[in-house]
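Chemist: Each chain is listed here by its residues.
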Amino acid sequence: LLDMPPLNPDRRTLLKLIAAGAAASVAGCSKPDQTIYPLADQPDGTAPGKTRRYATALPLAGYGRGVTGLVVNERPIKLEGLAAHPASLGATDAFTELSILDLYDPQRLKAPTGPAGPSNWEAAVRAIRARPALRRGAGLALLTGRVTSPTLLARIAALKAALPEARHVRWEPFDDDAVLAGTAAAFGRRLTPRPRLADADVVLLIDADPLGPGPEQVALARAWATRRRQEPMPRIVAIESSPSASGAMADVRLAASPREIALACGFIHARMGATAAPDLPSALAQGLSAAVAALSAAKGRALVLAGERQPAAVHAFVAWLNAELDAPVDYIAPVDPDPTPHRAGLAALASDMHAGRIDTLILLDANPVYAAPPALRFAEAMARVPLTIAATRIPDETSAHANWQLPLSHPFEGWHDWRAPDGTASIAQPLVRPFWDTRCASDVVDLLIDPAAEPASFARVSETWAHLGAAGWRDAVAAGVIPATHAANEQPGTARLVLPPVPAAGPALTILPSPSLYDGRWSANAWAQECPDPLTKEVWGSSARMHADAMAALALRDGDLLRIGGVTVPVRATAGQANDVVSLLAGYGRSGTGAIADGMGVNAFALDPHAPLANAGGRAPVVTTQHQFALDSELAKLFPVLAPEAALPRSTPLPTMLPNPPARDNAPPQYAMAIDTDVCIGCNACVVACQAENNVPAIGPAQMAVGRDMHWLRVDRYDHGDTTGFQPVPCMQCEAAPCEPVCPVEASVHDAQGLNVQVYNRCIGTRTCQANCPYKVRRFNFLDYAQASLWGDAEDASVTAQKNPDVTVRARGVMEKCTYCVQRISAATRDADAGGAPGAVVTACQASCPTQAISFGTLADASIQGARADGRHYALLEELGTKPRTTYLARRKHS
Amino acid sequence: MEAHTLPSGRRWTLPSVATLQDVTEAVAVPLMDRPAGLAWWIALGLCALGTLVGALAIGFSLEYGPGLWGNNSAVVWGFPIANYVWWIGIGNAGTLISSLLLLTRQQWRGSINRFAEAMTLFAVSMAGIFPILHLGRPMYFYWLAPAPNTMQLWPQWRSALVWDFWAIVSYLLFSVLFFYVGLVPDLATLRDRPGRRGWRRFYGFAAMGWQGTPVQWRAWERLHRTLAVIAVPLVCSVHSIVGLDFAASLMPGWTESIFPPYFVVGALFSGFAMVVLIALVLRRAMRLEALIVPAHFDAMARIILAAGIVMGSSYAAEWFSAWWSGDADDIRVVRYEFTGHYWPFYWAMLAGNVAAPQLFWIKRLRTSVAALVGVAIAVLIGMWLERILIILETLSIGYEPSFWRTYAPTLVDFGILGGTICAFVALLLLFARLLPVVSMHEVRKLVAEEWR
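Chains as they are written, first to last, in the working numbering: chain A, 1422 to 2316; chain B, 3 to 454.
The set of hints was computed from the structure by calculation and includes no laboratory data.
Here the structure is a predicted model, which means the values were calculated and not measured.
Check the hints yourself; a few may be wrong.
Restraint-style ranges between C-beta atoms, simulated for each label pair [unchecked claim]:
{"no.": "1", "chain 1": "B", "residue 1": "L367", "chain 2": "A", "residue 2": "A2035", "range": "52 to 62 angstroms"}
{"no.": "2", "chain 1": "A", "residue 1": "D2205", "chain 2": "B", "residue 2": "P346", "range": "46 to 56 angstroms"}
{"no.": "3", "chain 1": "B", "residue 1": "Y66", "chain 2": "A", "residue 2": "I1457", "range": "44 to 54 angstroms"}
{"no.": "4", "chain 1": "B", "residue 1": "F340", "chain 2": "A", "residue 2": "G2302", "range": "22 to 32 angstroms"}
{"no.": "5", "chain 1": "A", "residue 1": "G2142", "chain 2": "B", "residue 2": "F340", "range": "26 to 36 angstroms"}
Where is the CB? At the ideal position from N, CA and C, for every residue including glycine.
Whole structure, please, built from the sequences with the hints as guidance.
Modeler: What follows is the structure in structure tokens.
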């Protein structure tokens, strides 16, 4: 190579080179000389294009939730629930559905970065080992989120053994400090209450949102729905300062400020003991009196729940009340073994950091700079620490302030274990090799112990569960849960009565976990940002929620900017909001987290709760997907609400000249869907499940602002007076579909199974079908959404790997729509044709639903026939004669 | 303008046109002997610029997709469809004037039918852009035609859009034919007239050997009249079918059996407004005062007035049928028209389409240039608003309250609309310099009859 000729060949040389190149390429195309063998049978039994299902788990706030990973061609493409897991029960929530995109997120850290720029693990380890702190661990602090993982706990214990003076602090933005302090006050020891909603006839929710976002949403919602399907219909009363999903499903919803809630506890206590009750606003007093009467009448089957935001005294009072009511609630020892309160632990760490007592700070998947209380001045504290190392999946505010950024693996890239909120342990197996140079949390802790440690998550997890034996290990991994590991119920003993002190009146600020971003964990997820809030239908941002009167007092209208301290945030009048409470969703107002999250909304954690409120002037309305919520008389038919035992009038079929053709003997199965709005909690799991399954693109805030959302399945929220309900609207698959006859090119056609299918390749994009669709369920690719990147400068090729290979990625100018997951129907048909048992087809939305509100099957199936025979059965806009295959069961409510 | 019946007894021409030769000269001199004025060049330059902007807007739309417009998932249609309906409405008037007035022996049409037909041609050309442009995948527009293809798929004949495709295509072809047939004798006249050699060769080529023999005239008369007989149903069908694009649907505010006739009248209405505007300009610019006389404007103003009344009645019928049906969805749409997001535009539409033409009850205003220009522009704007509002009102407030969304156009939308208007005017300007703007042979016949 050294004596290579200069690269300015003359014509002759050039021709020679071309000839040589051509010859070489011909040679390159010929077979090798030896015999080669095609891989006709894959060694591990996989077949190209076949979906394989693996049980694994994902954490939320440190608790494991079982999931089933659907893997096609070695790529995980979709997550479903895991029936055997107590926090999944076969269903998912929106967070689980969102997590598949996290795996492929182009914003992920791909290699360690040090103070001098891109680096590697060895250099990071050298930097850590160079610290004097490492001698005995003095001055070394490890900050994590909640740790329930037996393996990670073992690694941390090993770390403490090796470096005895190192300390571990765990902290979650949404903690259960008050719950545990409350039970400690009532029973003398910290216990986690576990309500049995399935056994409750009357439920009083004191600012509690069991159906709302959280690690137990699926399990609690399932229990609630199970009970709701039995007679008599349970009665739910909610006192809350800001409307929640549970409040929306309650029979009576009472708005109350924190002060009124404390008063309400005293009121309930007085009523239970028939003593003089404190003064309350009459509506609240009336509602509470009725609630107490109902609770007392249902002793043994009456349950009271308090929200995690409520102070410890309220939890203690509720523990007493539940004991009085003999309520269906169990107590277990906290699954999280760390006895230090979250807030106290973090505050102590921050003060030590400020005092210069911390020498090395390792942050493991925690983001205190974003979510810690502003009084801790955590970013400043980090500046006082000589070496800060943030291990994270996606760069965030904390990693921006750290000296080193270490890339964490996605849970699907390594071996993990977690405990569910009920204590059940599960081993989470990886679904792919790490895409980039990333490591699991346990590997990072290992590096602190042994600088030469190689990634060994499998070895660590198998060590932890060595006692299972080889067969036991195999079964546990395959099943996704380890049998008999749930926490045993504790006998709490007699509850001491604690009456909550009444706080002073005054405005209050509450921070709610976002139904799509949680505490900010999913802020960088494009699907999460584009997932409409169940109540306000806001996307790509969030307004502060206020009572209309409070807004009027500040001369604010929806979308106007409210000033809270030094921050301005748009406001929205929200029905059911307490008058002097302003509520914000967590997870917004991110910075340094990539193009998706940055600049969307305001960081609620950073707000001063005592800052005065003022009209900031100016407007910045948040984009919403729905503007009209109230259904007046003429529109009431769209979302009927019934008394518990009532039935809708049976509609008599209208005479028609075009009856359905008589069924043939060998007619293919006719598919139909029935959606029970009575148990729909608007959680959006189905919306994101559909997005993941059907390659539905996220289109970004600008396109959403124009009103071009692409979700095939939307969840409408409607208000009937003071009744709120949710109505998921996929395609109705009309038997007489208005979209079909108007398509000039026959792209919208009916198939033999009763599906209204869209032939993407045939569509030329006249949009006449959507213009003529009464349900407006078709979606149009106004731009090349499938190819467009929302990730700014990040190389987004990885996102395409998530795409479901069984579903066409739609081009620009093509209309698309819900197909009842025709690819799944087709797969089932193929399996049946191949001689396998014809399994029931489960659509993505149906599989995700925590409350099993969605039934899908053929018209001959019992589930569909049962729904269609129900007194609550109705079809949307039936009078138009479209004969929808998707039909509904009406919402019920105690009057 | 003066009163329209002259003491000479001649109603449709001025006495300055004394001989048949005068008719020919009045039309041919500005075309063949006079150079284009500065005003013409400025106008053409401006229109070319506007056309370029429109072409850019179209180019961007083709490159990036319909997402550059204001359309959204609920209001899936917007400016392109409204522009299409508006232009094809304008394009209706020319052929109607020629054919319907020919069949009803309205001789005065001779002075205006030529440029009205040209206007039709250009307006239909502008209209023809939109059904293709508005598609998500415009490169496949030909799938609307029953072209043999490997997928063995045919157009879906139940769709009004397929009927529309045929209506536009046949109407465009027919308009070209009708225009050309009417032009042939005049082309021969220009060929035979002294003038520059190159132009005469051009006219001679285009005249296809017309000699004006009695046999040729007889054949021509028969052909022209036959075409006129075909034209009337065609004109009615093209706009009826446009109406059916909406009416053959399920949406509140669209399922109206009145739509087809109401669209035809609306088309006639906007077309006549455009003819009035063009006539006023041509009359002045090409000094055709002797051939296009106040009586013409008086007649056209009466038609506009009549059409305006029909439009008003149609709107009233729409409101009434919504109320009479008692259908909540229809009533909601009507209420939304008056009080919803687009209410200023709805009231402006009523002002332009119903109120403004009422000025023509006053005889003096029917021949006042200011009144004619004002009302014609009001009608054109009103009719465009009607086209866009038909789309917006229904799609913004359909059956599902959760999907009630409003529409706001983008600059690209306006660029395309403005571009087609400029292109249309540019084509008219070129037409005025290339072909006789008034049908000489028909006006000669008119003058001859007036002498009698």
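Chemist: Each hint needs a verdict: does it hold in this structure or not?
Modeler: Taking the hints in turn, this is what the structure says about them:
1. The hinted range of 52 to 62 angstroms is satisfied by B:L367 and A:A2035, whose Cβ atoms lie roughly 58 angstroms apart.
2. Against the hinted window of 46 to 56 angstroms, the Cβ-Cβ separation of A:D2205 and B:P346 comes to about 35 angstroms, which falls outside the hint.
3. In this structure the hint that B:Y66 and A:I1457 lie 44 to 54 angstroms apart at CB holds, the actual value being about 47 angstroms.
4. A hinted range of 22 to 32 angstroms for the beta carbons of B:F340 and A:G2302 is consistent with their spacing of about 29 angstroms.
5. A beta carbon spacing of about 27 angstroms between A:G2142 and B:F340 agrees with the range 26 to 36 angstroms that was offered as a hint.
In the structure shown, a violation is registered for the earlier hint numbered 2 alone.
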